[in-house]
Amino acid sequence: MSRLFLYLPLLLFVLLAAWFAIGLRHDPSRIPSVLIDQPLPAFSLPAIDGRDNPLSSDDIVGQVALVNVFASWCIPCAIEHPQLMKVAAEEDILITGVNWKERPGDGAAWLRRLGDPYALIGDDADGRVAIDFGVTGAPETFIVDAKGRIRYKQIGPITEQIWDADIKPLVEQLQAEAGQ
Amino acid sequence: MIAELGNFALIAALMAALWQAVFPLIGAVRQDHAVGAGSTNSALAQLALIAFAFGCLTIVFAQSDFSVVNVVQNSHSAKPFIYKLTGVWGNHEGSMLLWVLILAAFGAAVAMTRDGSLKFITLAAQGAIAAAFIAFVLFTSNPFERMLPAAADGMDLNPLLQDPGLIIHPPFLYLGYVGYSVTFAFAIAGLIRGRIDAEWARAVRPFALAAWIFLTIGIAIGSWWAYYELGWGGFWAWDPVENASFMPWLAGTAFLHSVRVVEKRGALKVWTVLLAILAFSLSLVGTFLVRSGILTSVHAFAVDPERGLFILGILALAIGGALTLFAVRAGKLQAEGAFQPASREGALIVNNVLLVTMTATVFIGTFYPLFVDVLTGERLTVGAPYFNAVFAPLTILLLFAMAPGAVLAWKKGRLGDAFKQATPAAGAAIVVIIIALWMTWPKSAAAACAAGLAVWAGGGALIEFARRIKLFSAPRGSLAHIVGLPRSFIGMTIAHVGIAIVVVGAMGAGVWRTESVRLMNIGDVISVSGYEATLSSVNELQGPNFVSETAIFTLARNGRQLAPIVAERRYYPVRQMQTTEAAIRTTLFGDFYLSVGERQTNAGWAVKAWYNPLVFWLWFGAGLLAMGGLVAALPAPVRKRSSADATEGVPA
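Taken in sequence, the protein lines are chains A and B. For the first sequence, the working numbering begins at 1 and goes up steadily by one. For the second sequence, the working numbering begins at 1 and goes up steadily by one.
Chain A extracted, bound-state conformation:
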């Protein structure tokens, strides 16, 4: 009986090796979003401390919209911010923000300092809505079509290149579909 135990490490190793062999075929940089082409999760968030424009999923449906998950503690968000300001100034799209895991007041102070591109901002202090969105880190950005389905997910900051090459054409196509 105890002899059989000696085979246990080998058995474990064979299982692990098989697992690695399968895992090796997966592309590590691929981060699929199960939410693509799915309806926006229903949520209703209060306004952040110092603002009075709360955000709920109902506000978004009916037009092409951008939902940006951000936080003042997030350094890449600050890098992304000027691009969002530019989009807000130049493009015709509803820009909404989910202020993620923020202490009261910090989000508004940050926006006062850097400028505010958001038409609506929800306060997701406990991160519940971010979980529904499958957010892995800030910033993340979702493009929602007029029927309220998520069509695109951007992980990490939106740069000028990403906006021009990927997001802007998609937004224009979605707006054309919706007849906006």
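Rather than coming from a laboratory, the hints here were simulated on the basis of the structure. Quick reminder that beta carbons are idealized off the backbone N, C-alpha and C, glycines included. The reader is advised that the hints may include incorrect statements.
To be verified - Computed from the model, here is a short list of chain A residues facing chain B with C-beta under 7 Å:
hint	residue
1	Arg3
2	Tyr7
3	Pro9
4	Leu10
5	Phe13
6	Ala17
7	Trp19
8	Ile22
9	Arg113
10	Ile155
To be verified - Derived lysine to aspartate or glutamate pairs resembling EDC-like cross-links, with alpha carbons at most 20 Å apart:
hint	chain 1	residue 1	chain 2	residue 2
11	A	Lys153	A	Asp132
12	A	Lys101	A	Asp49
13	A	Lys101	B	Asp417
14	A	Lys86	A	Asp49
15	A	Lys101	A	Asp52
16	A	Lys86	B	Glu598
Based on these hints, arrange chain B on the given structure of chain A.
Frame of chain A, contents of chain B only:
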């Protein structure tokens, strides 16, 4: 021409390794020392050939020969000369060449030991591993590959890697990883011969210690590098690649403890052999992790599944083969002595169970994302909260067991006596807990308790040390007693104190740190824990292959003016990458650490400042660990050696 010479030398080295893998076995089977001794020469030849190939690659880098693909991809004519040289191993191909070079060096070290069938079979196993890895370099990662026509200039080395820390960090890690190939080879030899005994333990222990020392230093330097270079103020992130180096360290630490039981008591043989296989397997998995991109991480500088498959093949052969041998042969190993739970060997089993459980938790945390990905296609990451949550209780148990473990006698100890003997350590621990609570409140009370336990663990080792040198009963003779103590015991004491200091440092830098963030313009002040840094100027400077934005801060502590500190952000145009050079003021009790971020339009620079208490203790403790290992590895005084050899001859 030089690149071709290197290539040929590597092919010849492959031949030497294959020779080494086969002939010693024949020598061992025929009991023919002459055939076996040939393996000594092939091991030495292999080292010479690979060293020559490595020299060729270094010359190619030094000359900036841009007809060699590897140089083009990883060097640049404007790069400082020292980084041209260290760039040799700052890339996948070159680092694999360094890997096989170290492997050959360890093989040669084994070849220099006393002849015998244990050595010959060990060399054969070592040769087989070497052949597999040299083939890997030659067929999938050849650093000597040419490109014609030659490129005009290179693509530069990843700027994060252009740093003094990188010059020494990977070689030390590799020395550690590869060092475990020797314990692995000894385990194979022991299984084939069906003898794991005191002779085996004494032969393998210096190599296990060497690998462990190098790995300890390598991990410490890596952590130090991350601390000062990455600019996030932390020293350990449970990144997959960090875990990859930590797992063999944990398994290797367990091995160092259990091999003592084999040597002293002739027990735990099966387990010790398994640990030897495990330590090297985890080292291979470490390589595999980094090289294949199976898990993404900032460290993965060679993301390529083809290579991953090759490594998977080597892994399957080496680990699968060793475990098959283990399954078939380990049953033949007989324990020699009876076992008392309350004894040194009992304490070492507790140590082993805890260390292996730690290894398993790190393994599960590291690979859990992969398992989930394979099962459900979902991508997720396991972060520091998991590791801290499962690792902390295990560390606490380990620290708790360390004091009685160090005090207990071999064969038959009394647990009650052990605890009684360690009472002063308990007193010191309680004092430390109270002081820590008082100083750090309202931060985590658990951290204060962990620091207290560290004092308990280190204190236990020191109490036993004091007892052995009769510090209190006959203090006059104490110095003379130190000389007479076994080296392994002195080393153990130093290492246990080292671990205690590392734990205190980790609590300080990990839990008790304070931080402050603000946007700063010239003249603004950022303050944290009594330090006040005033931004006095920001200048643009031109480096050899980077542009730097240098921020100078005047620094004061509790109103007293200190020397100014300098933080930098560098931009490397060829790679379009930025690096941070944090400003750090180190004292024995804590670091003031400041890093400067991007300039926000009009608002100034984003500046983050930390006070990291006791962070220096991390590196100091790690240094003590390595020193403890070194002392334990030193040969015993001649007088002792001869008496040990005399008892060795008695059959078990």
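Pair hint outcome, Lys86 (chain A) versus Asp49 (chain A) [Cα-Cα no greater than 20 Å]: Violated - the C-alpha atoms of Asp49 (chain A) and Lys86 (chain A) are around 25 Å apart, more than 20 Å.
Phe13 (chain A) as chain B interface residue, shortest Cβ-Cβ below 7 Å: Holds, about 5 Å.
Satisfaction of the Trp19 (chain A) interface hint, Cβ to chain B closer than 7 Å: 6 Å, holds
Hinted pair Lys101 (chain A) and Asp49 (chain A), Cα distance within 20 Å: 13 Å, holds
Hint status (Cβ of Ile22 (chain A) to nearest Cβ of chain B, threshold 7 Å): 5 Å, holds
Cut-off 7 Å, beta-carbon criterion: hint that Leu10 (chain A) touches chain B: With Cβ-Cβ at 4 Å, under 7 Å, it holds.
Restraint check for Lys101 (chain A) with Asp417 (chain B), where alpha carbons must lie at most 20 Å apart: Outside the cut-off at roughly 52 Å; violated.
Interface restraint verdict for Arg113 (chain A) against chain B (beta-carbon cut-off 7 Å): 6 Å, holds
Pairwise hint evaluation, Asp132 (chain A) against Lys153 (chain A), where the allowed Cα distance is 20 Å at most: 14 Å, holds
Restraint check, 7 Å cut-off on beta carbons, for Ile155 (chain A) near chain B: Because about 10 Å separates Ile155 (chain A) from the closest Cβ in chain B, which is outside the 7 Å limit, the hint is violated.
Per-residue hint verdict: Tyr7 (chain A), partner chain B, C-beta under 7 Å: 4 Å, holds
Straight-line alpha-carbon gap Lys86 (chain A) to Glu598 (chain B), limit 20 Å: 19 Å, holds
Checked against the numbered hints above, the structure violates hints 10, 13, 14; every other hint is satisfied.
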